[in-house]
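Given only the sequences and the hints, what does the whole structure look like? Please build it.
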Amino acid sequence: MRCSLHSTFIILPLIIFLFTIFSTFCSADLQNITVRGQAICRRRSVKGLHIELREHDTFDPDDSLSATTTGPDGTFEVRGSENEVGSIRPYLRITHKCDVSDDMKCRRITEIDIPKEKVNGIYEMNFVNLNLPGHRDKETCDD
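Those letters in the sequence shown? Residues 1 to 143, by the numbering used here.
Since the hints were made in silico from the structure, they are not lab data. Be aware that a few hints might be false.
For lysine-lysine, the following DSSO-like pairs were computed, each having C-alpha atoms within a straight-line distance of at most 27 Å [to be verified]:
id : residue 1 : residue 2
1  : K116      : K138
2  : K97       : K138
3  : K138      : K118
4  : K138      : K47
5  : K47       : K118
6  : K105      : K138
7  : K47       : K97
What follows is the structure, encoded as structure tokens:
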């Protein structure tokens, strides 16, 4: 009898835990975002930039939702969706060479948060001025 009672105390919490995890994932909502804009550097359109739509995650690495490249006039449109409990926290990651110290070896990665109220809709960014401060930026250089 003792073994049976001990097993119950282990199995019952495990079942409750698994049920909680399962119900959390079942309550996740599919959310989407579309972002449009035109990348510029020093008032000039920038073609061929890598634009990635990403989503912040608290406990695991951020998710890549979609990616695109800017067109000849610097315009882009990127859209993605994610099943998430609570609201998604999307942002753009743009890889470029605007105002880098050495454009042969270096590139900048600019990250721009997308407002929460634009989730499940379209965010029209208009001009994305890559040489102005105010975004999360980091410069990386190859050796």
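Evaluated hints:
no. : hint        : verdict
1   : K116 - K138 : holds (24 Å)
2   : K97 - K138  : holds (11 Å)
3   : K138 - K118 : holds (26 Å)
4   : K138 - K47  : holds (20 Å)
5   : K47 - K118  : holds (25 Å)
6   : K105 - K138 : holds (14 Å)
7   : K47 - K97   : holds (11 Å)
Taken one by one, the earlier hints all hold for this structure without exception.
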